[in-house]
Amino acid sequence: MSWLERSTVLQALRAVLVYVWYLSDVRALADSGALAGPDGLERLGWQMLQLIGVTVLAGIVVQILAVIVTTATGQEAIADMEDERDRQIEARATETGFAMAGFGFVSGILALWQGWGAVWAFNLVLAGMVAADVAVNLLKFIRYWRGG
Amino acid sequence: MAKGQLTNTIRRLRFDADEMTQKDLAEKVGVTRQTIVAIEAAKYSPTLELAFQIAHVFGRPLDEVFFWTPR
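Residue numbers (numbering that gives the first Met the number 0), protein chains in the order written: chain X, 0 to 147; chain V, 0 to 70.
Bear in mind the hints are in silico, worked out from the structure with no lab data behind them.
You can take every hint at face value.
According to the in silico footprint, chain X covers these stretches of chain V (three or more CB under 8 Å from chain X):
1. 29–35
2. 43–53
Computed beta-carbon distance windows for the label pairs:
3. S23(X) - R59(V): 51 to 61 Å
4. I63(X) - W67(V): 39 to 49 Å
5. A16(V) - S106(X): 54 to 64 Å
6. S23(X) - F51(V): 50 to 60 Å
7. V66(X) - L61(V): 33 to 43 Å
8. F102(X) - E48(V): 31 to 41 Å
9. A29(X) - L5(V): 44 to 54 Å
10. Q87(X) - T20(V): 16 to 26 Å
Keep in mind that this is a model prediction, so the values were computed, not measured.
A virtual CB, placed ideally from N, CA and C, is assigned to each residue, including glycine.
So here's chain X without its partners, still in its complex pose (with noise of 0.2 Å):
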């Protein structure tokens, strides 16, 4: 496995356990009725804040482990070592990303003109951009996988 392939499985894994803890947040705050109200707005806000904290922080966590496992399998841990076959399965999966998320994008603004509160079309765009990490790095794992 290339230094690229083990990051990418890293950042799927990453990306899921990171929305996983954010959904189950989110709908434990659903269900108290603390997402209800005009203070619901706010409360979600504060939650999408935590949301990109902690991508950012568990994305440097995952690319530190990485380079220690890289390093310790006695490869050399080099981020630049990127190749055609690698930029073409990151163009690749990044188009499937842009279209999972501009989907997501249309879906929140259906759920307002449908009188959906705000803090579900939020959600729902935010739905389509998890969906769309999770989506670019389970798609770009398939293809190292297959070869390409």
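Using the hints, position chain V against chain X.
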């Protein structure tokens, strides 16, 4: 566009070139070893530039290294 498969003789050429390793070839053409593995297994079709570089390493014309077979 007509469908086909890009095969190659890289494994054989490496063997003939003093059993050159995949890592050595990868370093000579500036890609990862995994990319050479994928090309040899016909799972990844290299760009024209990389294909020429690989052929150049073995001192062969492109059409002696890569073959396109219609399906």
